[in-house]
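Trainee: Below, each chain spelled out in residue letters.
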Amino acid sequence: MKDTPEKPFKGRLEDRRFLTGKGRYVADITLARQCYMGQVLSTHAHARILSVDTSEAETMPGVIAVLTGADCAADGLGTVPPFFMPSLWGGPEGYATQRKILVDDRVRCVGERIAIVIAETADDARVAAETIMVDYAPLPVVTDARAATEADAPKLWDDNENGNISVSIPMGDKAATEAAFADAEVTIKRRLLSPRIAPFSLEPRVSVGNYDEADDRYTLYTSSQDPHGVRSNIARNVLKIAESRLRVVSPDVGGGFGLKAHMHPEDALVLWASKHVGRPVKWLGTRSECMLTDTQGRGQEIEVEIAATKAGKLTAIRAEAWTNLGAYFWGTATPPLFFAMQLIPNIYDVGAVDLTNHAVFTNLPPMSVYRGAGRPEATYLAERMMDELAAELGMDQAEIRKINAIAPDAMPYTTATGMTYDSGAFADMIDAAARVSDWSGYDARAEESRAKGRVRGRSLISYVEVAGVMNERMEIKFEPDGTVTIVAGTHSHGQGHATVFSEMVADWLSVPVENIRYVQGDTDKVLIGRGTFAARSSMLGGTALLRAKDALIERAKLMAAILLEADKDSLDFADGMFKVRDSNKAIALTEVAKMYYIPAGPANALGLGLTGEGTSAGKPGAAPNYPNGTMVCEVEVDPRTGALTVDRLAALDDVGRILNSTICEGQIHGGIAQGMGQALMEEMVFDEDGQLTSGSLMDYCLPRAEHMPDIASELSEVTCTTNPLGVKGIGESGAIGAPVAIVNAVLDAVRPLGVAHIDMPVTQAKLWSALRDAEAAQ
Amino acid sequence: MYAFELERPTTLADAIKALGGEEAQPLSGGQTLIPTLKQRLAMPSTLVSLTGIDELKGIKNEGGTLTIGGATCHADVAKDGSYPALSDLAGHIGDPHVRNRGTIGGSLANNDPSACYPAAALASGATIVTNNREIAADNYFTGLFETALDEGEIITAVKFPIPEKAAYVKFEQPASRFALVGVFVTKGANGVRVAVTGASEGGVFRWTEAEEALSSNFAPSALEGLSVPADGMIGDLHGTPEYRAHLVGVITKRAVMKAG
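Sequences listed follow chains A and S, in order. According to the working numbering, the first sequence is numbered sequentially starting from 1. According to the working numbering, the second sequence is numbered sequentially starting from 779.
Mixed in with the good hints there might be a few duds.
[Unchecked claim] Cross-link-like lysine-lysine pairs, in silico, DSS-like; alpha carbons within 30 Å at most:
id: 1; chain 1: A; residue 1: K525; chain 2: A; residue 2: K275
id: 2; chain 1: A; residue 1: K766; chain 2: S; residue 2: K1036
id: 3; chain 1: A; residue 1: K402; chain 2: A; residue 2: K174
id: 4; chain 1: S; residue 1: K857; chain 2: S; residue 2: K937
id: 5; chain 1: A; residue 1: K452; chain 2: S; residue 2: K1036
id: 6; chain 1: S; residue 1: K816; chain 2: A; residue 2: K22
id: 7; chain 1: A; residue 1: K568; chain 2: A; residue 2: K585
id: 8; chain 1: S; residue 1: K943; chain 2: A; residue 2: K452
id: 9; chain 1: S; residue 1: K943; chain 2: S; residue 2: K1036
id: 10; chain 1: A; residue 1: K477; chain 2: A; residue 2: K585
[To be verified] Pairwise CB distance ranges (calculated):
id: 11; chain 1: S; residue 1: F923; chain 2: A; residue 2: A27; range: 29 to 39 Å
id: 12; chain 1: S; residue 1: D792; chain 2: A; residue 2: A27; range: 33 to 43 Å
id: 13; chain 1: A; residue 1: A27; chain 2: S; residue 2: Q817; range: 14 to 24 Å
id: 14; chain 1: S; residue 1: D792; chain 2: A; residue 2: T645; range: 42 to 52 Å
id: 15; chain 1: S; residue 1: S993; chain 2: A; residue 2: E303; range: 48 to 58 Å
id: 16; chain 1: A; residue 1: D773; chain 2: S; residue 2: G836; range: 50 to 60 Å
id: 17; chain 1: A; residue 1: D152; chain 2: S; residue 2: T814; range: 35 to 45 Å
id: 18; chain 1: A; residue 1: P170; chain 2: S; residue 2: A820; range: 46 to 56 Å
id: 19; chain 1: A; residue 1: Q691; chain 2: S; residue 2: R786; range: 33 to 43 Å
id: 20; chain 1: A; residue 1: R17; chain 2: S; residue 2: T814; range: 32 to 42 Å
id: 21; chain 1: S; residue 1: E987; chain 2: A; residue 2: E775; range: 17 to 27 Å
id: 22; chain 1: S; residue 1: F923; chain 2: A; residue 2: G441; range: 44 to 54 Å
id: 23; chain 1: S; residue 1: G799; chain 2: A; residue 2: D773; range: 49 to 59 Å
The hints are simulated quantities; they were obtained by calculation from the structure and are not laboratory data. Cβ atoms here follow ideal geometry from the backbone N, Cα and C, with glycine treated the same way.
Construct the entire structure; sequences and hints are all you get.
Mentor: See the structure below:
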């Protein structure tokens, strides 16, 4: 289904650094006279702090300074608001928390930062931190979002007039939905859960702060997906300094997945501490520390009811969700609140919708984005309910989806939640998925499973992603010798941007890819950028890069016209050459570029230096893109133990125009692995006191290579109409489709055994219990 | 990790001497102790490494008895093959890193209730050899992380009589890959022995009821209708006591089937 001729994949430009251990991460940065930060984290989920006794720590070996919330207040440090609230996206006003970087009065979840120790070594800092005595007066704890909305629930924020609800976001048409339910031939109601999970980047969080007294300027090295966002937040809100007085550098970053899309308290703490002690301060999060203090993803309970005809056509959906914000409205918690509702229609014409999402404070660590950010929740609902409807009506999984799918000729199509899909061939994707997955060979495989005493199940699901949020800026500059540098506002942390963007520029300018250097992740080198998250970089970075190229060519044309003694409008640019139309006069772009750097002469009239810059914009305010696709999954369940294997998985993805299919497939594979973790293994489990009980890899299960089936991946190119490249995003697709593809396949396997419902993660223990209960009920 | 002194003796005698010091603790492969130290849950003043002592290493197969030095790593046992079920067990402990560092003596001295080796030792009727004495496996495992070892006593070797038939089946705890339930069965000169790890709050145990049933008919069908009570089984994030009790039955059958 590809229609773009593609060059053979020759590896990534990043391969040398990443595959030979030459990457440079923040942990690799050692500054002269560097010292280390250790932290005191709250051990209570909700308590007043009566006192913090640092006296012993101050006398410990290697200790340079001990700082507490009282010191923050004395230094006039500010508090951190959410990155933005739902009102920025057209939602209602809500209660926005202000978070202190060191808490001095009341802790609202475990892992709150209470004090820091600066010492000669990381061990000295940790040992001393352990001696700090915090006297707590415990308060009642609430961990469940729905329970937190009860009138008698412990309240987290005393001045919130709406109890523990920060904001309730409504969507859809209540009256039309009620009317559709009144006429419904079939209705089905379910309660679905998407538990809290950990983003779990391979590289834990790490920060180095350095205050330079000579320049009165700070530098932060941090493992971030969005260095400019971190700079704005810390400069404006915490340190209250001009942004030009803070430089943020994010070198190689070992995975982000949304965890690193926003600042964390440690980023501000190392800077503040550095000024205090007059030395660079490094903080290296241990895995245990990060599991306690990282933001988490998902955390939603939803009650849903669908209305449909007996022929299987949906007519309405109503749903009420409770999203567990944790103790603060923190980071980029807003997008998942919206996407979890906006994408519920998925690829379908669903009729009317009436949806509400309550964002609720509880005594859990803060929620923020994690790969998919609300889209997996929406897709989980849409596709679980589609299978429930198919089961109720005795219809085929593919057939019921095609009955409801939006037709290509309906594009652009605005959903009941206000998303305007520009393109998509949804029913074709379903047919293609059936072909790629060997849909018709299923019965024989099911029989083989039965012969082994196992049961096989399968699913066919579709998903829609919305990609391309906020705006972006890219720059292309020629160096004096005719080589090229790309200065990117996006931030690659494993996505292979250096390869893809360099290949694009090489192609456009006919410059060898070896002559292109790629720069990102440093606020002193990059004017502005939003970083990378939410599958945004292909469209927003790519479009901005295209416009930067156009601007650069326009400027180069002025010089080419002089050198060719021709009129600017008579010049065409192709194959790296400016040519005078209808003549054989031509000059290479690189030669033109060099003329912009000569030290003297008539060419100086055009100024010094050749650069082009371009910008682009997406949602909200401008059109995003809608990647979509279909997955077919087969699982095999051993009913005697509940053990299950994901045996086959086919993924058909419409990525718009393909920029690099190998990198796209890599993104799909990684997303599916994380989706499998969500479906089968991962859960951040808290007890009723708000204590984390799955706080290490001995208990928190991540997917391993051995769990993965061979993925049959095929890319489809349905050109996007909202951007000049025709591209759609790819970074989250696998993580959006895989959870429900796997859960639906499990339910298909065990439905004949009497199990009609099971919540994620579908662990072997949970599945066995469900099977045993079903057997007992029969 | 808190600071500690590290002694690296090359003879057993030196190791015993070093362990006489105050708060000295033996360090074998370190696959449990090192993570514990990293989590700052232990503060020994001296660690005495046992892995530089040649007399504690190596595998000998003499007269139907396999003698494995206490400081022999899992990977070496996995490669040996003269007691296939034991090599199979060793080859599936943890990951390659763990198997190349962790040792049989370390595992048995720690007696983690979810470790694999205790099941092999108990089901094989092995003998735990220390610097002072020989302890029958039946008398060695005394409870959760508890053994018959005295303070400062070191496992120098483990003697396994090689049975006629044997197999180990591990049903993994998905996160740690320790045994959620692991069952080792043997049939040989000692009769039929069935040892279960991972399941009980008391650590590894012999399922005598299954042993009796299998003694007259060494086949999975002999176990039909037998079960262990859920009472006393471990309950945690990864399984209820009922689940573990149920798995003991299922996994024992699979082990008997595998033993052939």
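Trainee: Now look at each hint and say whether the structure bears it out.
Mentor: For each hint, the structure was consulted:
1. A:K525 with A:K275: holds, 24 Å
2. A:K766 with S:K1036: holds, 27 Å
3. A:K402 with A:K174: Answer holds: K402 of chain A to K174 of chain A is near 26 Å, not above 30 Å.
4. S:K857 with S:K937: holds, 17 Å
5. A:K452 with S:K1036: The hint holds at about 15 Å.
6. S:K816 with A:K22: holds, 27 Å
7. A:K568 with A:K585: Measuring from Cα to Cα gives roughly 13 Å; hence the hint holds.
8. S:K943 with A:K452: Answer holds: K943 of chain S to K452 of chain A is near 24 Å, not above 30 Å.
9. S:K943 with S:K1036: Status holds; Cα separation ~9 Å.
10. A:K477 with A:K585: Between K477 of chain A and K585 of chain A the Cα gap is close to 25 Å, so the pair holds against 30 Å.
11. S:F923 with A:A27: 29 to 39 Å: The hinted range 29 to 39 Å holds for F923 of chain S and A27 of chain A, with Cβ atoms some 34 Å apart.
12. S:D792 with A:A27: 33 to 43 Å: holds, 38 Å
13. A:A27 with S:Q817: 14 to 24 Å: holds, 20 Å
14. S:D792 with A:T645: 42 to 52 Å: holds, 50 Å
15. S:S993 with A:E303: 48 to 58 Å: Once the Cβ atoms are compared, 56 Å apart, the range 48 to 58 Å for E303 of chain A and S993 of chain S holds.
16. A:D773 with S:G836: 50 to 60 Å: At roughly 52 Å between Cβ atoms, G836 of chain S and D773 of chain A fall inside 50 to 60 Å, so the hint holds.
17. A:D152 with S:T814: 35 to 45 Å: At roughly 42 Å between Cβ atoms, T814 of chain S and D152 of chain A fall inside 35 to 45 Å, so the hint holds.
18. A:P170 with S:A820: 46 to 56 Å: holds, 54 Å
19. A:Q691 with S:R786: 33 to 43 Å: At 40 Å between Cβs, range holds.
20. A:R17 with S:T814: 32 to 42 Å: Holds, since R17 of chain A and T814 of chain S (Cβ atoms, about 35 Å apart) stay within the stated range.
21. S:E987 with A:E775: 17 to 27 Å: holds, 24 Å
22. S:F923 with A:G441: 44 to 54 Å: holds, 51 Å
23. S:G799 with A:D773: 49 to 59 Å: holds, 56 Å
Every hint, counting from the list given before, is met by this structure.
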